Amino acid sequence: MKITLPVDKKSKDANISSNLGRAPYFLFYDTETEEYNFMDNSAASSQGGAGIKAAQNILDNGAEAIIAPRCGQNAANVFMTAEIKIYKNISNSISENIAALKEGKLTPLDDIHPGFHQHGGRQ
Amino acid sequence: MKQLLILSGKGGTGKTTVASAFIQLAAAKAYADCDVDAPNLHLVRPLASPAKVADYYGMGKALIDEETCINCGSCRQHCRFEAIKESDGKYEVDVFACEGCGVCEAICPVGAVVLQPDVAGELRVYKDKDIFSTARLKMGSGTSGKLVTEVKKQLKDETENLDIDLSVIDGSPGIGCPVIASLSGVDMVLIVAEPSLSGISDMERIIKLAQGFSLKLAVCVNKYDTNPDLTHKIEAFCREHGLPFAGKIPFDAKALKATNQGQSIIEVDCSAGRAVTEVYSNTMNVLNKE
Amino acid sequence: MKIAVLSGKGGTGKTLLSVNLAAVSPESLYIDCDVEEPNGHLFFKPQDIKTEKVNVKIPQVDQELCNGCRVCVDFCRFNALVYVIDKLIVFNEICHSCGGCRLLCRKKAISEIDKEIGVVQSGKSENVRVLTGILKPGEPSGVPIIKKLLQDEGQENEDVFIDCPPGSACVVMESIKDADYCILVAEPTIFGVHNLDMVYELVRIFHIPYGVVLNKCLEEEENPAEDYCLKNNIPILGKIPFDIELGRLNSNGEIVARKQAKYRELFQNLLNKVKKEVQHETASNT
Numbered sequence: 004m005k006i007t008l009p010v011d012k013k014s015k016d017a018n019i020s021s022n023l024g025r026a027p028y029f030l031f032y033d034t035e036t037e038e039y040n041f042m043d044n045s046a047a048s049s050q051g052g053a054g055i056k057a058a059q060n061i062l063d064n065g066a067e068a069i070i071a072p073r074c075g076q077n078a079a080n081v082f083m084t085a086e087i088k089i090y091k092n093i094s095n096s097i098s099e100n101i102a103a104l105k106e107g108k109l110t111p112l113d114d115i116h117p118g119f120h121q122h123g124g125r126q
Numbered sequence: 014m015k016q017l018l019i020l021s022g023k024g025g026t027g028k029t030t031v032a033s034a035f036i037q038l039a040a041a042k043a044y045a046d047c048d049v050d051a052p053n054l055h056l057v058r059p060l061a062s063p064a065k066v067a068d069y070y071g072m073g074k075a076l077i078d079e080e081t082c083i084n085c086g087s088c089r090q091h092c093r094f095e096a097i098k099e100s101d102g103k104y105e106v107d108v109f110a111c112e113g114c115g116v117c118e119a120i121c122p123v124g125a126v127v128l129q130p131d132v133a134g135e136l137r138v139y140k141d142k143d144i145f146s147t148a149r150l151k152m153g154s155g156t157s158g159k160l161v162t163e164v165k166k167q168l169k170d171e172t173e174n175l176d177i178d179l180s181v182i183d184g185s186p187g188i189g190c191p192v193i194a195s196l197s198g199v200d201m202v203l204i205v206a207e208p209s210l211s212g213i214s215d216m217e218r219i220i221k222l223a224q225g226f227s228l229k230l231a232v233c234v235n236k237y238d239t240n241p242d243l244t245h246k247i248e249a250f251c252r253e254h255g256l257p258f259a260g261k262i263p264f265d266a267k268a269l270k271a272t273n274q275g276q277s278i279i280e281v282d283c284s285a286g287r288a289v290t291e292v293y294s295n296t297m298n299v300l301n302k303e
Numbered sequence: 155m156k157i158a159v160l161s162g163k164g165g166t167g168k169t170l171l172s173v174n175l176a177a178v179s180p181e182s183l184y185i186d187c188d189v190e191e192p193n194g195h196l197f198f199k200p201q202d203i204k205t206e207k208v209n210v211k212i213p214q215v216d217q218e219l220c221n222g223c224r225v226c227v228d229f230c231r232f233n234a235l236v237y238v239i240d241k242l243i244v245f246n247e248i249c250h251s252c253g254g255c256r257l258l259c260r261k262k263a264i265s266e267i268d269k270e271i272g273v274v275q276s277g278k279s280e281n282v283r284v285l286t287g288i289l290k291p292g293e294p295s296g297v298p299i300i301k302k303l304l305q306d307e308g309q310e311n312e313d314v315f316i317d318c319p320p321g322s323a324c325v326v327m328e329s330i331k332d333a334d335y336c337i338l339v340a341e342p343t344i345f346g347v348h349n350l351d352m353v354y355e356l357v358r359i360f361h362i363p364y365g366v367v368l369n370k371c372l373e374e375e376e377n378p379a380e381d382y383c384l385k386n387n388i389p390i391l392g393k394i395p396f397d398i399e400l401g402r403l404n405s406n407g408e409i410v411a412r413k414q415a416k417y418r419e420l421f422q423n424l425l426n427k428v429k430k431e432v433q434h435e436t437a438s439n440t
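Chains as they are written, first to last, in the numbering used here: chain G, 4 to 126; chain Y, 14 to 303; chain P, 155 to 440.
A couple of the hints might just be wrong.
Claimed, not checked - Interface residues of chain Y toward chain G, partial, derived using beta-carbon atoms under 8 Å:
(1) 71
(2) 72
(3) 159
Simulated from the structure, these hints should not be mistaken for lab results.
From a predicted model like this one, the values you see are computed outputs, not experimental measurements.
For every residue, glycine included, the Cβ atom is placed at its ideal position computed from N, Cα and C.
Just chain G, same shape as in the assembly:
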């Protein structure tokens, strides 16, 4: 299974980013091959709809599950449509969260925040 985490640098000791849409990088981790791949988040600099664009990018790279502290309503809608699960992280560490996911210890994310759309939209 391919898992995605929003992270603050391109390294295994990176912290999990607090904002999914505007995280600088995404980590793609494959639970079968145990491979780590880092990707720039091209949505981070978007004026608006960053969460939506980030979700599209995550989807296009084949993620099947996401671990994040919070997620905007729009991105959550995209993931739900694509039947991708979103889990709440237990700490800031990548390895701890991956281990927890493998052991089935992560719970689904319920912090789906409303009204974040138009973050950068024209008023």
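Since chain G is already given, all that's left is putting chains Y and P on it; use the hints.
Structure of chains Y and P alone, referenced to chain G:
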């Protein structure tokens, strides 16, 4: 670091006056002005060193290359924002109307229209003994939500490795996108209400918005003596909705004078200054209650 | 005669001024362009209200025709479109109605439908026709509502007063761009000066003649806004004193000029001054 955001809904109720008093009272080491349309907090904070300034880029703006343009008018025909003007058969972009959607660029048969990066404002951070993050949006721009996010991110980045208990954030009026952006990640919102029909109507809207976020909320009334009846009404509203009422501040000409000298109202001996001190301690009680 | 009333910050008295000027004019049209927080109607309490919806176009996808080429997804600078598995999804509240996706779709899979973003209400309050724009919360732009409001240019015998949103952003530009004259309202604080400076720059960009009304003036107190006007040679149209009684009536949603003769006189004098200035400006322009 706990974040306290000051909001009002309606403009001109006294957000910045309350924010600057709170900064002084708390000896806050970190603060920000999120009212990027009309920033004012810097006027009442003594700033010793110059700011670190960075450009803020908004949506791009279309530019027509006159040499390449064949004056077909296709861009004008397809622009939904009436941002392309024609005079004497020549086409020009009205940068204030342009929303940067890129339709003109896509539709131009000869590639004469290109979207250009556009500086929509500037971010400033002052680093003396305190960290002060602020920004100003350029006139006619409309991309303020993202800029508010940038102001808060700047504050967070600059204070990350410092041991700071509290940051005070001055918000913007309205209930729109800049306000929503300023709410993200704060621990508490203090609403500065004004005893007028308009003020109450706007206060109710902002409370409704803030309740959608998981944060603490309290209300205070400024210039309460200008309409005691409506002040009672606000107090009753708070009781009814279980909202902590942090106090009321009178209209005070001395406070006005202090502000005009670039001082906080607690720096002079006046009734408004004493009242705001009480509002502060009540607010801190709410914020620090587990 | 079309007069826009604006100020860099909120709460300086835009609505007080525009409502009362409209009230003392023999026949007038009051237009509330502060579509995020329209408050003028709280004063006028207009009768015979007619409500008209304001719509913008948003894309609608025919999934049968869509071949998943994603040209539209890549084009949309607002990120309002996503392609999930085999479906194109539109985020209506993100869409800015530019029409680009429909234009670029080679399969003609995208058409457009109306989406309501707010309303325009019209009504009558004695001598004043009242137009109010109300934006739905969460909508990205009030500009289409302001455009709709300003399509009513007023009848020949009517004075038109435009109550603008605060600030100097694009919604303010839209509100003032066809005005004959701009009144800048300022309060006597250094905040007032700073924000007056912003709108002063704005009216000069648009080459619209302007004057300042100083509000909440305290006798024998310094007035930084007045000093600013004198320094920059900005005409001062008049002063509204800080007055507890006026403040109370106004905060209760009363139109002070309709309540008391002394306030009627105050705003009548202001209106006369404004009209004189407008005539002067029109004469010097021709």
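Checked hints:
1. 71: holds, 7 Å
2. 72: Holds. Min distance 5 Å.
3. 159: Check passed: Cβ of residue 159(Y) comes within 3 Å of chain G, closer than 8 Å.
Violated hints: none; the structure is consistent with every hint.
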